[in-house]
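Student: Protein sequences, first through last, are from chains A and B.
So that you can map any letter, position 114 of the first sequence is 114 in this note's numbering, and since no number is skipped, the others follow by simple counting.
So that you can map any letter, position 238 of the second sequence is 457 in this note's numbering, and since no number is skipped, the others follow by simple counting.
Derived by calculation from the structure, the hints in this document are not laboratory data.
Take the hints with a grain of salt, since some may be wrong.
[What the hints assert, rightly or not] The list that follows gives simulated cross-link-like pairs (lysine-lysine, BS3-like), each with its CA atoms no further than 27 Å apart: (1) B:296 - B:285; (2) A:38 - B:462; (3) B:336 - A:154; (4) A:176 - A:137; (5) B:296 - B:480; (6) A:38 - B:273; (7) B:347 - B:281; (8) B:462 - A:107; (9) B:273 - B:409; (10) B:279 - B:317; (11) A:167 - A:107; (12) B:317 - A:38; (13) A:176 - B:409; (14) B:409 - A:195; (15) A:77 - A:97; (16) A:77 - A:154; (17) B:281 - A:137; (18) A:195 - B:462.
Model, not experiment: these values are computed from the prediction.
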Amino acid sequence: MPSTQKFSIAMVVCGVALLSACAAPGPSNAELDQLTQKILASSFRAQGQAQLDRIQPDEDNRLCAEADRTGVALDAKVTQAIETRNMATIKAPSDGKYLGDWKEGEKIAQDGRGKTWTDSATMANGGNCYNCHQISKEELSYGTLGPSLYNYGKLRGVANPNSAESKPIVEYTWGKLMNSRAYNACSSMPRFGHKGILTEAQIKHVMALLLDPASPINR
Amino acid sequence: MTVLPRAWLTWAIMPLACLVVTPAAWAQKSAADGIAEYRKMLQDGNPADLFEVKGESLWKTKRGPKNVSLEGCDLGKGPGVVKGAWVELPRYFADTGKVQDLESRLLTCMERLQGFKAQDIIDTPFGKDEQNNVTALATWIAAESKGMKFNLSQSHPEERKMYEVGKRLFFMRGGSHDFACATCHAQDDKRIRLQDLPNITGNAGAAMGFGAWPAYRVSNGQMWSMQLRLNDCYRQQRFPYPKFVSDATIALGVYMGVNAKGGEAASPAIKR
């Protein structure tokens, strides 16, 4: 290729680069991330129990939010790392008992209060379950962000939650309630145990609602 | 306002009446339809009208330490031009060097023209004193653009930056529950309990979500501006408190408003 031709190609390339630079002199992704952090820091104040630590960076959330925003799924290794570190937070019930009282569980599932700046920090928090899930057949006011949990235990063949056959599903359900991100890196479900939303006793009650054969959802 | 208690009662009973005797799926649909019908009926007597009247009067009345009206206020289309301003906000203003939404622009005018202290109003809780006046003004100004189509500018670099920041904030997970705006508002045809959720990442959903506010809320008998709507979203997300007209709220306004391009401004609407 003659050098003049090379030169004119180079000129065109430069011209295009210049033009696009003029048309979109936008900041880089890193600069926008920084600006977002700066705006975040100046835009919020603590109120009641909602302190500023709630908008501190959380690596699991940062990664998932970026995947949500860009539509680019996380790398399998990153997904695995998130699940592994969340799995490490899950502890079996201190007394070895996984199930409480399904009637209490139903109340917790219905209750959407807790953890906002208008809620008392000393009251028991609700589980918000019906906001996103169908659970009992009787409650028709349920959300659809999460899958239906109607017949949760029955569909999984849990006839006796204390039996050896039921152990895997009982342990999985416990883990899912304690820290959902251990099983699905970017699940939208709150990490009820890990983030101190529900107590161990409350989670046992929700476990009973889902797994007790006597619970209305399994009858 | 005697209509309110009766409206309340209708609201409480109507969905139950639909729900009790019917199979779930059919009842869900029927309840949603019933609620839409109920809202439509209420449109005839939307109490937002009262806030509109108050807002118009506030705009034209000489007030504040300088005893001046807001008729010289530039909402983006030149001093005193109200019609069409709402469907182009938030936008960049050269005189403040900032992207501003309706409420923050009103504060600029109230400070510069009338002599109010913007920070005092920012520090006033919703529903009190001058905050009520800002809400009434916003209601009237939005109503003046009713039926017009959203057409936010993205020509200024600051406007484009705020869109990108707004998008990041929309997807940001945080608070005790790890919720983002996107947790509830990034999919079609989802509900919380029986409440339909607009997908704000898309054009139709953004127009529906962004285009309805300011709105009168029957459940608490309050007029809510977009600022208060966002404030309550963040409360339910279990985030800390977003300061009034903070850049985060304005960036979200840009993100939603730009996504709503071409959608119709329906405000002031009436909501549960």
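Student: State for each hint whether it applies.
Tutor: Hint-by-hint comparison with the structure:
1. B:296 - B:285: Distance of about 24 Å is within 27 Å: holds.
2. A:38 - B:462: Holds, because 14 Å separates the two Cα atoms, which is no more than 27 Å.
3. B:336 - A:154: violated (63 Å)
4. A:176 - A:137: holds (22 Å)
5. B:296 - B:480: Measuring from Cα to Cα gives roughly 18 Å; hence the hint holds.
6. A:38 - B:273: violated (37 Å)
7. B:347 - B:281: Given that 27 Å is the threshold and the Cα spacing comes to 20 Å, the pair holds.
8. B:462 - A:107: Not OK: residue 462 (chain B) and residue 107 (chain A) at ~34 Å, beyond 27 Å, violated.
9. B:273 - B:409: Violated, at about 37 Å.
10. B:279 - B:317: holds (26 Å)
11. A:167 - A:107: holds (25 Å)
12. B:317 - A:38: holds (15 Å)
13. A:176 - B:409: holds (22 Å)
14. B:409 - A:195: Roughly 25 Å between the alpha carbons, so the hint for residue 409 (chain B) and residue 195 (chain A) holds.
15. A:77 - A:97: violated (34 Å)
16. A:77 - A:154: Violated. Residue 77 (chain A) to residue 154 (chain A) sits at ~34 Å, over the 27 Å cutoff.
17. B:281 - A:137: violated (60 Å)
18. A:195 - B:462: Within the cut-off at roughly 25 Å; holds.
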